[in-house]
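Just need the whole structure built from these sequences, with the hints factored in.
The residues making up each chain are set out below.
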Amino acid sequence: MKRISSNMGNTDMQYHLRLREWQMNSQQNKMAEQTRIGELRDDPVAAAHSTRYLSRMERLTRYSRNAETLQSDNRIAEGYMRSAGDILQRVRELAIQGATGTYTKEENRYMAEEVNQLLNEMVVIANGQNGDGRTIFGGDRTLSQAFRVQEGHYPGVENKLITGVKYVGTIENGKIEINEGNYIESRFPGNQVFWAENQQVFADREALNYQVDQDSTIRIDGVEINLKQGDNIHTIMAKINSSGAAVEASLDPVKNSLMLKTTVPHQLWLENGANGQVLTDLGLIDNYNRPPANYADGVAVAGGSMFDMMIQLRDNLYDGDKIDIGGAALKGLDLALNNLLSELGKLGAQDERLSLIQGRLANEIPEIQQKNLNITGLDMAKAITDLKMLEFNHKAALQTSARILQPTLLDFLR
Amino acid sequence: MHSTFTSVEIAKRSIIAHTQGLATIGHNVSNASVEGYSRQRVQMKAFDPIFMPGLNRAETPGQLGQGVSVERIERIRDDILESRIVGRANGQGFWEAREKYIGMLEDVYNEPTEYSVRSLMDGFWDSWQELSFHPEEMAARQQVLQRGEALIDGIKNRYMALREVREMSDQEIRVTVDRINSILREVGSLNEQILKVKAMGDNPNDMLDSRDRLVKELSGIVDIAVDQRDPDEFIITTGGLHLLQGRVVHPLKTESDPLNEGYSRVTWADSGNEAYFRGGKLAALIDLRDEDIRGEIQKLDTMTIHFVDLVNENHNPGYGLNGRTGLDFFREYPFINNLAGNYDSNGDGAFDSSYIFRINGTNTLTPQDQVGISGVLSLSGRNGNINVPYFPTDTVDEVIKRINLSGSEVVARLDREGRLSLKGAASENRENPDFVLRHIEDSGQFLVGYAGMLQNSGAAGAYDWGQADAVAALRGGELNYAVAPLTHPSGWIEVNPALKNDPASVAAGYGTNGRPAESGDASAANAIAALRNSNVMLGKVPSFDEYFAEVVADIGLKGETAARALDTENLIMKELEGMRDAISGVNIDEELAQMIKFQHGYNAAARFLSTVNSLFDTLINRLGV
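If you read the protein sequences in the order shown, they are chains A and B.
Position in the first sequence (from 1) plus 3 gives the number in this note's numbering.
Position in the second sequence (from 1) plus 7 gives the number in this note's numbering.
Treat the hints as calculated values from the structure; they're not laboratory data.
Values in this document were obtained by computation on a predicted structure and should not be read as measured data.
The beta-carbon is built from N, C-alpha and C at its ideal position, and this holds for glycine as well.
Check each hint, because a few of them may be wrong.
[As the list claims (entries may be wrong)] Think about it this way: if two alpha-carbon atoms lie no more than 20 Å apart in a straight line, the pair counts; the simulated SDA-like pairs of lysine to any residue are:
#	chain 1	residue 1	chain 2	residue 2
1	B	Lys581	A	Trp25
2	B	Lys581	A	Met16
3	A	Lys5	B	Arg587
4	A	Lys33	B	Met111
5	A	Lys33	B	Leu564
6	B	Lys604	A	Lys33
7	A	Lys178	B	Glu143
8	A	Lys33	B	Glu121
[Unchecked claim] Covered stretches of chain B, going by a simulated chain A footprint (3 or more residues, C-beta under 8 Å):
#	stretch
9	134-142
10	389-395
11	552-559
12	578-591
[Stated by the list, open to error] Label-pair restraints from in silico Cβ distances:
#	chain 1	residue 1	chain 2	residue 2	range
13	A	Gln37	B	Gly110	16 to 24 Å
14	B	Ser40	A	Lys5	18 to 26 Å
15	A	Glu124	B	Ala505	41 to 49 Å
16	B	Asn508	A	Val127	36 to 44 Å
Here you go:
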């Protein structure tokens, strides 16, 4: 433009001034908040990424905390299990001693006393509680005891003795989330940890001609198995065997009835699922009680817990029955000890996994923090120099405007 | 023979003309800083000389000039440039309004900081994780309730903030329409006066300036076209319809629109038809109010209603520490009390529609199963129904995906128990309510026998909202559908008071095989905490992560676009105004120089007059005795 009106200088100066003032203000705000993204429009995509990073960091912190808490809970459980192992070792020693047959009846009775005391202690351990006062070995029934004691009189013994230890917890393993959608089992049902022998359950009813009459489910050890209308006994057995429960199903050759055997020592739990009573029809369970007390009449159940083994040894020692002390009782104790050691092994493996998880998270969290800083963090050095530059420009512009805006022809006319 | 006093007349005319020139200079200088002022110039012309050919012509060589007169006083301006400015001003007005409001919306989100709804929700999920570790504890339950309330507060605050912005924009629309009407009236009255002045042959320069100023202001508000082809009638049109014809004004009106929550509708006062604008501040405000801000509120509502529905779905079957079950975690107030969702939408006293948000099928489906049947689903869409076909080789998962991607306003998923669940989405068309299922029809058996949702296939068995008790077409009973919210969910949600009164009722476990949950059973807590990570179909957005990231990116991009566009418009206007100023603006130095010219001219004329005066003096007083 060749012709400049008097207002032009003022208008232009104001336009540029306002622009620069806005830039300086925006820069100051960013520096105060230490972020490159003062408003969402400054970098919308980076802001979106940042929300994801921030949320992820929250979750990872939570997972890390979960893993840590779980690890320390596991240590407590491990302590109890080791104590139990020590007790079993001592009982085993007593069994071997008693099996040599060189002790008198009196001395056997002393040994029986010791086994009895150790049995009582074992029950206390099995009912152990963690730091919050929750039962450790009761599955998810955490506010009551895991094992209940039955007492009675034994001929020849003055005081009441423990005649049976029943498991009154549940078989739920619990879940704790330690990664997106990944869970770790957090509970130790006592009817697995404190078990000795594989259980075998023999039904009484003939099952060759049985057919399922409607679509239903059965639950074995909590694993749900779907049965369809018209399935015969062989299909049912095949489904049980391929279901993932630690159980083997077969047909008893004598009675042609269903026989279930556990493949890993634990207490077998059988239930009917929704709409149907297949297991009742097969004569295994009744419809009134809850497992493990729901076996039907006539069902033979074999396979006992660690307590059963100890009770058996103690009773044999009271009787002075050498053959059984060295034979069945010892074998039972060995099985119990093996099972306990394998449970400890599982615990150890889980502990290792949790350590690895914590290690990984300890790396991942700072990495994500760094990524977030990369996209939202302000480079202070650059910001300060930018601000300085703006201030300098501002001053220069003001000075220049002041010089050229002032004089008009009026100043020079007489 | 010319008159003795010819020269006096010449001098007189010159003095008057130069005085007028000086006066105009004075006027220019006085108005130099007035916005929109165009500098004025006197156009002087030599006065008609004598003698024109005629019978009274004197026999002397001619023609003798008769001095100067002011022919007209006119504005120096470029009309084409001015009309270009008027054409562009509506772009600037549009983006200015848009940038301001989008900036307000951006601020509502408070991202990416720790004080946003997203971080409150993170805290909520975290409290469930804590509960899953200690399901027997009351303290963990208290924390869950507290975090839930904090989250609800956060959501409500955001809703209130968004609604406030919407009310502000509505108010500004009404004020703007009033301004338009007052500008039109002013221009109308100016037109009348200008016409009269022009009829006298004068140039109503200052009135024209005023009118141009008003027209420019108007063009920033609405997109207008000015038609001056007929010099007697100044016409302003918008979108082809007349706003102003000479003196006749066609004003605009605002009236409350019941279909748009009572917000104003802009109509022509004469015809009552709705007025549409394509540019300028008014168009921006209407767009913002009804598309952008409404969209943001809808997004928040969608997130809230799905969130509440999912948490309730997972909390309801769980057992609390006191053994209670069947409790929802969140509740909405006020609620349609009618269990079947019957609603009277036109206020005539009879139920005429059913407002249902979610319908569940009754059969359990497996996602990887092939459906083995074919047919066409007909689901409500933006304008009419949308057809979604399915084929025998499709898996259940594929059919669900097809429904979600079909562009219909229905969202499908398999719920916790594997049943098909259809939910109403936010509707794009303002006349349809949000989160209400409007039409579900199946020509085959997918929704009928396979999923167990409808009783019959075809149009006879379709679910349609336009009748009361439409739930009769469904297979399941009351437990298989959920009534829709009457108002915005995000403003009317609360934690179930039953839980607040007895925190032990907060459910943590589902129990196994139909038995109530044990104290250490944390399956429900885990399930609710897992909602965070899973793809739960929030409207069309798969998961919560996606939702929060998407809303932030969306509004940020809108803001970025608005800011850049506004900068561009400002720059362009600055250039145009600069060019205008170059032509029409007052330059003081120039005016002063002109003033010197006129001053000297005046002095010379005065000198001439006094010389002529002394000639007369000699002639009259000195000649003779």
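Cross-check of the supplied hints:
With a C-alpha separation of about 17 Å, the suggested pair Lys581 (chain B) and Trp25 (chain A) falls inside the 20 Å cut-off, and the hint holds. Under the criterion of a C-alpha separation no larger than 20 Å, the hint pairing Lys581 (chain B) with Met16 (chain A) is consistent with the structure, at around 12 Å. Under the criterion of a C-alpha separation no larger than 20 Å, the hint pairing Lys5 (chain A) with Arg587 (chain B) is consistent with the structure, at around 12 Å. Proximity of Lys33 (chain A) to Met111 (chain B) is assessed by CA-CA distance (about 18 Å); at most 20 Å being required, the pair is judged to hold.
Among the hinted pairs, Lys33 (chain A) with Leu564 (chain B) is consistent with the structure: their alpha-carbon atoms are about 19 Å apart, no more than 20 Å. At most 20 Å may separate the alpha-carbon atoms for a hinted pair to count; Lys604 (chain B) and Lys33 (chain A) exceed this at roughly 57 Å. Between Lys178 (chain A) and Glu143 (chain B) the CA atoms are separated by roughly 15 Å; this keeps the pair inside 20 Å, and the hint holds. For the hint pairing Lys33 (chain A) with Glu121 (chain B), the CA-to-CA distance comes to about 17 Å; that is within 20 Å, so the pair holds.
For the stretch 134-142 of chain B, the proposed coverage by chain A is satisfied: 5 residues have a C-beta within less than 8 Å of a C-beta in that chain, meeting the threshold of three. For the stretch 389-395 of chain B, the proposed coverage by chain A is not satisfied: 0 residues have a C-beta within less than 8 Å of a C-beta in that chain, short of the threshold of three. Counting residues of the stretch 552-559 of chain B whose beta-carbon sits less than 8 Å from any beta-carbon of chain A gives 5, enough to reach three: the coverage restraint holds. For the stretch 578-591 of chain B, the stated coverage by chain A is satisfied: 8 residues place a CB nearer than 8 Å to a CB of that chain, which reaches the threshold of 3.
For the pair Gln37 (chain A) and Gly110 (chain B), the beta carbons lie near 21 Å from each other, so the given range of 16 to 24 Å is met. Take Ser40 (chain B) and Lys5 (chain A): their Cβ atoms lie about 22 Å apart, and the range 18 to 26 Å holds. Checked against the given bound of 41 to 49 Å, the beta carbons of Glu124 (chain A) and Ala505 (chain B), roughly 46 Å apart, stay inside it. Between Asn508 (chain B) and Val127 (chain A) the beta carbons are some 40 Å apart, a value that agrees with the proposed interval 36 to 44 Å.
Going through the hint list in order, the structure does not satisfy hints 6 and 10.
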